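There are 2 protein chains.
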Amino acid sequence: MEVELKEMSSDLETLKRSLPDPSHHASIDKMQLRVQHLTNLAESAPVRRSKVKDMSAEVVDSNPYSRLMALQRMGIVQNYERIREFSVAIVGIGGVGSVAAEMLTRCGIGRLLLYDYDKVELANMNRLFFRPEQVGMTKTDAAVQTLSDINPDVALESYTLNITTLQGFETFMSSLKNKTFCPSEEGSGVDLVLSCVDNYEARMVVNQACNELNQTWMESGVSEDAVSGHIQLLVPGETACFACAPPLVVASGVDERTLKREGVCAASLPTTMGYNALKDFFPTMEMKPNPQCSNAACLERQKEYILAKPARDAAAKAKEKEVSAIEGPVHDDNEWNISVVDDSELVTADIRSSDALPEGLVRELPSADEFHKPTSPQETINPVDDLEDLRKQLDALNAD
Amino acid sequence: MEVELKEMSSDLETLKRSLPDPSHHASIDKMQLRVQHLTNLAESAPVRRSKVKDMSAEVVDSNPYSRLMALQRMGIVQNYERIREFSVAIVGIGGVGSVAAEMLTRCGIGRLLLYDYDKVELANMNRLFFRPEQVGMTKTDAAVQTLSDINPDVALESYTLNITTLQGFETFMSSLKNKTFCPSEEGSGVDLVLSCVDNYEARMVVNQACNELNQTWMESGVSEDAVSGHIQLLVPGETACFACAPPLVVASGVDERTLKREGVCAASLPTTMGYNALKDFFPTMEMKPNPQCSNAACLERQKEYILAKPARDAAAKAKEKEVSAIEGPVHDDNEWNISVVDDSELVTADIRSSDALPEGLVRELPSADEFHKPTSPQETINPVDDLEDLRKQLDALNAD
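Chains as they are written, first to last, in the numbering used here: chain V, 123 to 522; chain X, 123 to 522.
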C-alpha cells in the first residue's frame, strides 16, 4: 500500500509540473495532502517484530526469550536454545492443535508442520486461537498468519489437505520424511507428531504413518460433551499403538460416520485440554503393545524393540554409572529448591502385566484371560437355569 | 481510509473535467486506477463480526455459540444463556489473567472488568494472548482490543491502575460496587473476582476488598520456576481468607521487594496454569477460616456465616426435599452417559479439623496446638543435654 501511495504522489507531482495553469495547482496540492494522510494511516498499521538470531538470556523487557531462557538458569532445562533444532508436526488445527501450535511457537520451537483441510468458521470462536476476521480462511493458513506474527523465528509449513485421502496421506508421509530443516536428524524429519484430530479414522491414519516411520507421537481427544478428554503417548514398539487397544468403534469395524446423529453438534469449551473437568480426575496408566496387534508395522516395531533390549539395558547401566561417578549428590546446591521425582514414584499401572488399575478406573470389558477361561462342566450342566439367571441379571441391569 | 480514497477519486474526476487538454486525461485515468486498487486493498482489511442479540443453539457454521449452547442440550448446564448476566473482575492481565479473560470472552460472559497498570513488552510473548504489535500499549487496552474483536457481545471495562495505591484501591472498590450492568444483582456488582497477580501485596489488597464486599474470589499463582502453581477459592466467612493462612513472606512482615534478587527474572511458560507440572501432582484441600485472622473484615464475615447457619441448614433441607419430590431418580434417561459425582467423594482434607493432609503434602511448620504443647518438667531438666541434642540434629540436617 505504501508503495502505491508513493507512486501516486510522484504521478501528482509530474502532472502538476505539466500543467501550465496555476489554478489547477491548488487542487493537486490538496490531493498531495490526502496522499500524505493516507501514507500516515498505512504506516501506523502494526509492524512485525524482527527475527532474532540467537536466543538471549538478557533480562530486558525487549527480549522475547528472557522468561524462557530463565528456565535454563534455574536448572529446569539444560540447554533451552536447543528447542530451535526441533520440528513438531501437528495434525488437526482445531481447539487442541491450534493452542499446542501457539504454545510451541511462543516457546520458540524450530519448525512447525500444520495439517488440516478445514476452514475457519464463526462456530469455532468458542475455542481459543482463531479470530472472527479469519472466517473463510483455511485453518492452516490462518494459523500461519497468527503464528508468524507472534514469532517470526519459527519455520512454519502449512498443509491444507486431508490425511485420510490417498493423495493427502502421500504428502503427509513425504513431509514427515523431509530432512532439509535438520539433515543430521535421526529417524524421520520431525521429532514429535501431535494428533489433535476429532475422529478415529484420522487417528488410525496418524497411527499407520507413525508406526511405518518409527515416529513417537501423542494422541489427544476431547469428549462430545466437552468436559473430559485424554492424552496418550505412543512410542512404536515400546507402548501400545492406537490399533493395539482400539476404542470399540474401531475394533468393531463400524463406520463412525453412521454414528453421527442428525442435527447434533458436539459441545466444546475453551478450557478442556484432556481430563475429566467435572470430577477433577486425571488418572495415568501405561499400556504395553499388543502382540496380536492388527497393524503389521506395529508388530515390526515390537520385534525391533525386543531385539534391542540387551543394548538398551547396557546403555542405561553405563549411563547410571557415569552419572553417579561424575555428579555426586544431585541438587546439592539447589538454590531454587527444585526437587526431582523418580518416575517410579508416580501412580501408574500396567493394565496388561498386572490386574491393578489406577484408582477410580474400572474395566469396561473382561480381560482376554477371563474371556478365554475354561468353564467347568458343572457350570454348564443346566442350560435352562443359566438362561433364567441371565434373564434375572438383565432385568436387574434394566431396573438400575 | 475508504472515505479518503472516495474523496480522492472525486477530486480526480473534477480535475479531469476542468482540464481542456486530453493529453492530461491519460495521466489522471492512471491515477484513478491506482485509487481503485487502493480502495480494494483497504476493503479487504478485516471486518469485525456484528453483535448477536440472542444466543442461538442452531447448528450452523456461522453461529458463534452453537458449540456452547450444545452444553445445555447435553445437560451439562441448565440455561447457558444466563452467562450473559454475569460480571467477572480480573485483577492482573498477565499470563493467567489474559487467558482467563479470553476463555470467558469466548464463552460469551456478560461483562469483564480488567485491572492492570503494566504495559505489554516483548518479554511477555512467551505466554499466550498478547501479540508483538501490541508492545507499548497498556495490558488492559491491548486486552480490550483483542477481546472485543473476538466477541463484540461482551461488555469490556479497562482499568489501567495499580490497586495497591490509595487512589487505585478507591477506583477498584467503586468499580466492583457499580451495579449499572445488572441492577438486580445481590451483593457487589460482580459475580466473581479472579486474582491473577504476581505479588503478595496485590493479593492482600484483593483479599481486603473481597472481605469488605463479602465477595467470592479465586486466587492463582505460578511459581518462580514456572513448573508449578496453585488455585484457591475464597468465600468470605466460609473458607480461609488470604490473611487467615498467609504465606511466610506475609506472615513475617517482610517487604517482598527486598527479596527480589538482582538480575533475576522469573521463568514462565505458556503451559503452566496452576499445578505441579513436573510431578503431575495437583492435590486439593479445604481451608476453614482462622478465628484469629488479622483481617477485621474477615472476622465480621466469619461471625455472619456462623449466625446464618440455622437458616442455611433449613434452606438446604427444603431444597433436598423439593428436588427428590419433583425430579425422581437423577439422569434416568441420560442419553449422553454423563454421571455426576458427589462432592464428598472427592479427595479433600480439612487441615484444621483433622490431622489428615492429602497424599504427598507435608506440613512446613508445626500446628498451633503442637507449638503451644506444654513441655513436661522432665524434658527441660538438663539444658546442656538438650543443646547437645540440638547440635546433633542440626549436624544431621546439614549432612543431608
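Please note that a few of the clues may not be correct.
Put simply, identical chains are the same to the list, so a pair is met inside one copy or across any two.
As the list claims (entries may be wrong) - Below, computed lysine-lysine pairings styled on BS3-like, alpha-carbon distance capped at 30 Å:
| # | residue 1 | residue 2 |
| --- | --- | --- |
| 1 | Lys441 | Lys173 |
| 2 | Lys301 | Lys441 |
| 3 | Lys439 | Lys175 |
| 4 | Lys301 | Lys138 |
| 5 | Lys128 | Lys299 |
| 6 | Lys241 | Lys410 |
| 7 | Lys443 | Lys299 |
| 8 | Lys152 | Lys138 |
| 9 | Lys128 | Lys301 |
| 10 | Lys128 | Lys152 |
| 11 | Lys443 | Lys128 |
| 12 | Lys152 | Lys175 |
| 13 | Lys443 | Lys175 |
| 14 | Lys152 | Lys425 |
| 15 | Lys128 | Lys138 |
| 16 | Lys301 | Lys425 |
| 17 | Lys441 | Lys152 |
| 18 | Lys431 | Lys241 |
| 19 | Lys128 | Lys439 |
| 20 | Lys173 | Lys299 |
| 21 | Lys301 | Lys443 |
| 22 | Lys173 | Lys241 |
| 23 | Lys175 | Lys241 |
| 24 | Lys441 | Lys425 |
Bear in mind the hints are in silico, worked out from the structure with no lab data behind them. None of the values given here were measured: they were computed from a predicted structure.
Quick rundown of the hints versus the structure:
1. Lys441 x Lys173: neither (38 Å within a copy, 61 Å between copies)
2. Lys301 x Lys441: within (29 Å within a copy, 65 Å between copies)
3. Lys439 x Lys175: Neither: 39 Å inside a copy, 67 Å across copies.
4. Lys301 x Lys138: Answer is neither: 58 Å inside a copy and 60 Å across each miss the 30 Å cutoff.
5. Lys128 x Lys299: Neither way: lysine 128 and lysine 299 sit 46 Å apart in one copy and 52 Å across, limit 30 Å.
6. Lys241 x Lys410: Answer is neither: 37 Å inside a copy and 50 Å across each miss the 30 Å cutoff.
7. Lys443 x Lys299: Intra 36 Å, inter 65 Å, cutoff 30 Å: neither.
8. Lys152 x Lys138: Intra 12 Å, inter 15 Å, cutoff 30 Å: intra and inter.
9. Lys128 x Lys301: Neither. Shortest intra-copy (43 Å) and inter-copy (51 Å) distances fail the 30 Å Cα cut-off.
10. Lys128 x Lys152: Both. Shortest intra-copy (16 Å) and inter-copy (14 Å) distances satisfy the 30 Å Cα cut-off.
11. Lys443 x Lys128: neither (69 Å within a copy, 78 Å between copies)
12. Lys152 x Lys175: neither (45 Å within a copy, 43 Å between copies)
13. Lys443 x Lys175: Answer is neither: 38 Å inside a copy and 68 Å across each miss the 30 Å cutoff.
14. Lys152 x Lys425: For lysine 152 and lysine 425, the Cα distance exceeds 30 Å both inside one copy (80 Å) and across copies (72 Å).
15. Lys128 x Lys138: both (15 Å within a copy, 21 Å between copies)
16. Lys301 x Lys425: within (26 Å within a copy, 69 Å between copies)
17. Lys441 x Lys152: neither (78 Å within a copy, 74 Å between copies)
18. Lys431 x Lys241: So lysine 431 and lysine 241 fail the 30 Å test inside a copy (46 Å) and across (55 Å) alike.
19. Lys128 x Lys439: Neither way: lysine 128 and lysine 439 sit 69 Å apart in one copy and 77 Å across, limit 30 Å.
20. Lys173 x Lys299: within (27 Å within a copy, 46 Å between copies)
21. Lys301 x Lys443: For lysine 301 and lysine 443, neither the intra-copy (34 Å) nor the inter-copy (68 Å) Cα distance is at most 30 Å.
22. Lys173 x Lys241: For lysine 173 and lysine 241, the Cα distance is within 30 Å both inside one copy (29 Å) and across copies (22 Å).
23. Lys175 x Lys241: Close across copies (25 Å), not inside one copy (34 Å); limit 30 Å.
24. Lys441 x Lys425: within (25 Å within a copy, 62 Å between copies)
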